[in-house]
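Could you fit the two chains together into a complex? Lean on the hints.
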Amino acid sequence: MNEREEILQIFFAETEDLLKKSEESLLRLETAPGPGSDLEELFRAIHTLKSGSAMVGFNALSKYVHLIENLLDRIRNNQLSVTRPLISFLLEDVDFIRAMVDKCAGGEDVDPDALDARKARLNRFLGIEGVSGKEEAGPEPVPDSAKDEGWHYYHIDLRFRKDLFNFGHDPLLLLLNLTEIGECVEVAADTSELPGYKEMDFYELYFSWRVILKTTASIREVEDVFMFVRDENKIVIEEITDRYREGVDLQLGEVPLGEALVERGGISRGDLKSALGKQKKLGEILIDEGKIDKEAIQKVISLQQESRFTYRKTSLRVDVEKIDHLVNLAEEIGINLSRLQSLFIREGSLSRDEIGQEIENLLKVNREFQERVAGVRMFSLKGTFRRFQRIVRDAAYDQKKQIKVILSGVDTELDKEVIEYIADPLKHLVRNCVDHGIELPEERVAAKKPAEGIIEFKAYQKGGKIFIQISDDGRGLDIEKIHRRALEMGLDKAGGELDNDTLMEIICHPGFSTASGVTEVSGRGVGMDVVKTQVERIGGFVRIKTKKGKGTVVTLIIPLTFALTETLHVQDQDVSYLVPLWGIMGVEKFEAGRMRTFGADEKVYRFRGEYLPLMSLYRVYGTIAPENDRTGTTVVFLDTGRQKFGILIDEVLDPYQVVVKSIESNYKSVIGVGGAAIMGDGSTAIVLDLLGLEEIYFKHSLPGVKYENK
Amino acid sequence: MGMLQFSVSQDAEGVFRFKGELTIHGIEYLKKFLDTSFAHAKKISICMAGVTFADTASLQLLIAFRRSLKPETEWRLLELSPELEKILEISDLKNSLIR
Chain A
1 MNEREEILQI
11 FFAETEDLLK
21 KSEESLLRLE
31 TAPGPGSDLE
41 ELFRAIHTLK
51 SGSAMVGFNA
61 LSKYVHLIEN
71 LLDRIRNNQL
81 SVTRPLISFL
91 LEDVDFIRAM
101 VDKCAGGEDV
111 DPDALDARKA
121 RLNRFLGIEG
131 VSGKEEAGPE
141 PVPDSAKDEG
151 WHYYHIDLRF
161 RKDLFNFGHD
171 PLLLLLNLTE
181 IGECVEVAAD
191 TSELPGYKEM
201 DFYELYFSWR
211 VILKTTASIR
221 EVEDVFMFVR
231 DENKIVIEEI
241 TDRYREGVDL
251 QLGEVPLGEA
261 LVERGGISRG
271 DLKSALGKQK
281 KLGEILIDEG
291 KIDKEAIQKV
301 ISLQQESRFT
311 YRKTSLRVDV
321 EKIDHLVNLA
331 EEIGINLSRL
341 QSLFIREGSL
351 SRDEIGQEIE
361 NLLKVNREFQ
371 ERVAGVRMFS
381 LKGTFRRFQR
391 IVRDAAYDQK
401 KQIKVILSGV
411 DTELDKEVIE
421 YIADPLKHLV
431 RNCVDHGIEL
441 PEERVAAKKP
451 AEGIIEFKAY
461 QKGGKIFIQI
471 SDDGRGLDIE
481 KIHRRALEMG
491 LDKAGGELDN
501 DTLMEIICHP
511 GFSTASGVTE
521 VSGRGVGMDV
531 VKTQVERIGG
541 FVRIKTKKGK
551 GTVVTLIIPL
561 TFALTETLHV
571 QDQDVSYLVP
581 LWGIMGVEKF
591 EAGRMRTFGA
601 DEKVYRFRGE
611 YLPLMSLYRV
621 YGTIAPENDR
631 TGTTVVFLDT
641 GRQKFGILID
651 EVLDPYQVVV
661 KSIESNYKSV
671 IGVGGAAIMG
681 DGSTAIVLDL
691 LGLEEIYFKH
701 SLPGVKYENK
Chain B
1 MGMLQFSVSQ
11 DAEGVFRFKG
21 ELTIHGIEYL
31 KKFLDTSFAH
41 AKKISICMAG
51 VTFADTASLQ
61 LLIAFRRSLK
71 PETEWRLLEL
81 SPELEKILEI
91 SDLKNSLIR
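Residue numbers (the working numbering), protein chains in the order written: chain A, 1 to 710; chain B, 1 to 99.
So that you can see chain B by itself, here it is in the shape it has in the complex (with noise of 0.2 angstroms):
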């Protein structure tokens, strides 16, 4: 995936920190990942303070996983960058990934 716009990392208190474009190109990546990180995880952080832009696929993607996990499970989206507040305004799709 040399075309990939989008990494993660994790810092010391075990956040994820997205970085780059979210966007269907990079698509199975980002499943994967959610996919081997998240499996059992009793709490997800993710910190989405570095994503420039999240394209409509991502966001089905990342509302999809959300709608999957026990309700025991804590979801936490963090430090949302302007460009992302912005689309998620636009596309009202805010309520349905964070809340």
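Next comes chain A alone, as it looks inside the complex (with noise of 0.2 angstroms):
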């Protein structure tokens, strides 16, 4: 890598941090807008990847962001508040940004026409001092003539509900009533959306308006005007007195044609999108020409994107803290064998047991120093559940909900790998309960609710798995409906009452989830088979609860991370096997007035109290031929979360934290085994995959299941 690759690298990492910090601060400020810390690490932010971007070269995108900075500015000096338009922009831009960086990267040009409608809108909130060609200048005084005569211009956009007849309302009696506050300096109709003559209902409204009035009335006077007819129509009002001189909207210079003529009226935002899409792209011109063919092209495209998904994937951004930590162990590690090297050189003169301890400490800092390294992949799930609070407030926002996000356990930390695998099915989730989960605010009222719904974030660890819960308080699952499509499909032979397993493996059945009908009434289901499938790659799974009317909670249960696992080392008929610390619960002696048999050769033993299934491990992996059978002397009692049960086995060695090797990428994929592990002796040993042991010998002890070992 060269070095202007390497300053890109780095350019590119930080500005991901930069716009994640930024979408952050956001999506605070919009809770609680004004000047303040959000606004001042936003701001921050912003200024950084403007001087960032200038210095690598990118100045297209340096003046994008040098405007958004002047916006921010007139936010700090009180001169702009803080509205939802305001804030859905600029989360906008982040995206705006984020793509703009990802052409960079590809050494593409930033789409001049893009930028430019980008920057018209900028320039609306900014008004005249962001006009582009004087952001160098900065905020300079405006002369406002037109204040100083008092007058007011108002850009005001009109569009109302289709049945507003209906109400007996007509908005050409709204319009002539503007005409008796002030002038209607500009007036355009938009009739775009009629139908065809022989298709329209004459009843319903089709038509929409853009004003702008000029008057001396107040902003409340002409809101006034719509009065009766405000919340069930879209209207709205914006001061533009600053950026309207002697009739003439200064904007209208900026804004690309296209922009010009929806604004004036002349075409709707759908033609224009449909003669865009008409402009023809780079490719498409060169394949018309016979310069190229159109394989070729796209050959060239998907090498183009595997090089940025790679570009990304390969750096990792570490705390200093993390490095620190690794560097003092690393020291401590040197001073540690310098000792041990000296206690050598003094041969005779130490004892076994100083021996012993010098090299139990080398092992201790050891262990500590592979946790740290280990950890260096791991990060917190901060960003991922801020990333779903803003998904959960652009959805709300279109759908006319309202909700809110409570967030708790966002410092809990998961592998970068895992958290990059469940990235999409929690988004599925998130997008579940926002569609169809939480209920629209007039429906929640009517069903004694608060009109505001609420989705939580929960994140959590319990043993060596990490629970990350999404849970709202939404009209939850129909059971009932799911249960009768279920026995029609024959998915529940049984008929009985659905326990959550059950209505899990239901809802996550492939056909099932895509069956409209049933995905209309239960809410839920689109996509729950993948959801599933990719957290099980992971050796994780997914449990569901849910009650009509109060809401539904569906919990990931992943591992930690793929790198490290705490163990126990364990023997049985001369097999070496590691236990997973995690679904551990007791060891003991096993003591055979414990145990019970029942049918052909079902065991149970009792522990704590209650009997467990008991199973041995030769059988399950069929290690050995029964008649080779010997009794084990100890049993390791365990607990995956859904089944509790014992395992009877020969000897207990000691507790081993090892580097789990996967069998899959060298042989293929064994359920029941998570993986193998090299021992520090050389031999090799088996991770157990407690969660695939127990799908094998609970479906082996179900009458009538075969279980085929996939």
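Treat the hints with care, since some could be wrong.
Covered, in the sense of this in silico footprint (three residues per stretch, anywhere, with C-beta under 8 angstroms from a C-beta of chain A), are these stretches of chain B [to be verified]:
no., region
1, 62 to 68
2, 73 to 81
Listed below are the simulated SDA-like cross-link pairs for lysine to any residue, each with C-alpha atoms no more than 20 angstroms apart in a straight line [stated by the list, open to error]:
no., chain 1, residue 1, chain 2, residue 2
3, A, 198, B, 39
4, B, 94, A, 661
5, B, 31, A, 240
6, B, 32, A, 203
7, A, 198, B, 65
Okay, the calculated bits of chain A under chain B, using three or more residues with CB under 8 angstroms as the criterion [unchecked claim]:
no., region
8, 191 to 200
9, 537 to 550
Hints are computed from structural coordinates only; laboratory data are not their basis. Here the structure is a predicted model, which means the values were calculated and not measured. Glycine is no exception: its CB is placed at the ideal position from the N, C-alpha and C atoms.
Right under this line is the structure:
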């Protein structure tokens, strides 16, 4: 990698961090608007981004970010208030900048039209100071002749519901009323939604309007004209006095033609989009000219995408604190090794205990070193959760729902790779909560609930697992309908009452989740099979709890890390096994009197007052022939979270922290085996996959169910 | 339709004369009139001098009807009353209806 590439890589990593920070600050700013620490943090992030992009020569990006900085400065100086549309716009900006950076990363130029359109929208918030070309001038005092004369200009956007006529209202009368308080200096009707003469329902309204009103009236007086229609319709009134001079909208010159045509009502946004869609891309032009064929272009595009993806994936930003710890530990290992060396030099004068003690110290430091190295891959869930907060916010806004997001346990850390695996399933669950879980405010009020729904993201660690919970206080799943459908589809032959596990199995059934009828009634289920599969791929599982009218809780239970696993080394019939510590409840000497046998050869064993199924590892794994069976001497009691059971083994050795090596990548996936590890003496041991083990054993135990090893 | 405040007559040159208020209450009447009188007409001339008011619903219907005409059909709205002029101006619908 040359110097330029190195600098760029640092820039890309830093930018992503800054954008994430900006997004978080914006979401906080929305709940607590106005100058304060969130605004300052946002300002700093944007400022750093501006300088950074200028430094690497991405000038278009830097200039654009400078405009945002100006806008933030206006908020800081109380010249602009924080409104929901402004936050939405700035959040979109974060996405826009991300896309710009992506383009720069791929060596592409920023699309000037897209940039212009964006700038135009930004200028709307900025007013005259932001008009491009004057960016470097900074805020200059605006000659406020309009204000001096007492005239105000308002931009009024009128979009009515289709059934407006049924309520006895007519937009024409509202427009006429406007003329009583001022002069409509511009009126643009949008008639593009009017259907064909034969198709139209003449009792419905299809037109909308945009008006610029010149008046001495206050915004409140203008709002009063729409008093009776405001709540039910989309009426947006914005004062634009600052950008309106001598009957001319100064902004219009800055807007691309397409935007201006939409603004002035000549065409609809749909028309513009469709026309822009007809513009040819570079690749298409080259194909038309016969310079290159489609496949060749496609190949280069995929190479580009792969390159961008790898570029991002390979870098890892680590806290300085974590690195400091590693450096300290490396020094400590060095010191201990020197001490050991000097002890050996003074040979004869050292006792066996002394050597033992030194080695013990070294091993302890080494263990911590390994843990810390693994910790470098650990990241808090903060970023992931904040992203969901944004998804909820945007989706709720679109669907006119009121949703409060509660986050807890955001500092819980997870392996980077695990986070990447679960991001999509989680996103899916979040969407489900918003789309289907939380009801519309009026439905909630009718159900005697607060109009504002709650979605909670919660993470915590228990044992060696991380629990991630997404809950909502919405309508819950319609168990009866799901049950009925499951019976129809033959998924639930028993027909008894649905417990949570069976429910989970049903809604995660691929055929089930795509059946639209069921999706509508259950309000959930789309893609739940994907969620389940993805989580299981990393050794986790999903649980669901739901109550009609009260809400749903989905919990993802996933391993903390791929890198290091705490285990107990045990032996059975001369084979070494490593049992993950997270699942172990206890270890006891085997006492025949506590065991009961029933049926063919089913065994249960009493542990802490309850009888638990007891299994022999050699039987499950088929490691030896039954005739060579020896009865184990020790029982290890396990709890997977779904099932408690005991395993009978010969001997318990030591606790062991291991790097689990995948068997799948060298051989094939074996159910019940989590991987293998190389022990201190060079031998190998099998790492038990407790959930897989449970699945094998208990599915075997079910009459009539044949287990197939995948 | 006893409440109807709108009527149509035809003069010797074949020009239809609208009179009164074009509102949603008479919209079915207006639609029926358009459907029956101009189904296959090559030339449509309507005098609007007597129209004192037109609401959004009626204007929508007239504009949709106009858009449904074949390109060769001639469409002429004559002598707008001052009231109608004001309405079409304030609603920016003049172009859609006349030109």
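Violated constraints from the hint list, given by number and in increasing order: 2, 4, 5 and 9
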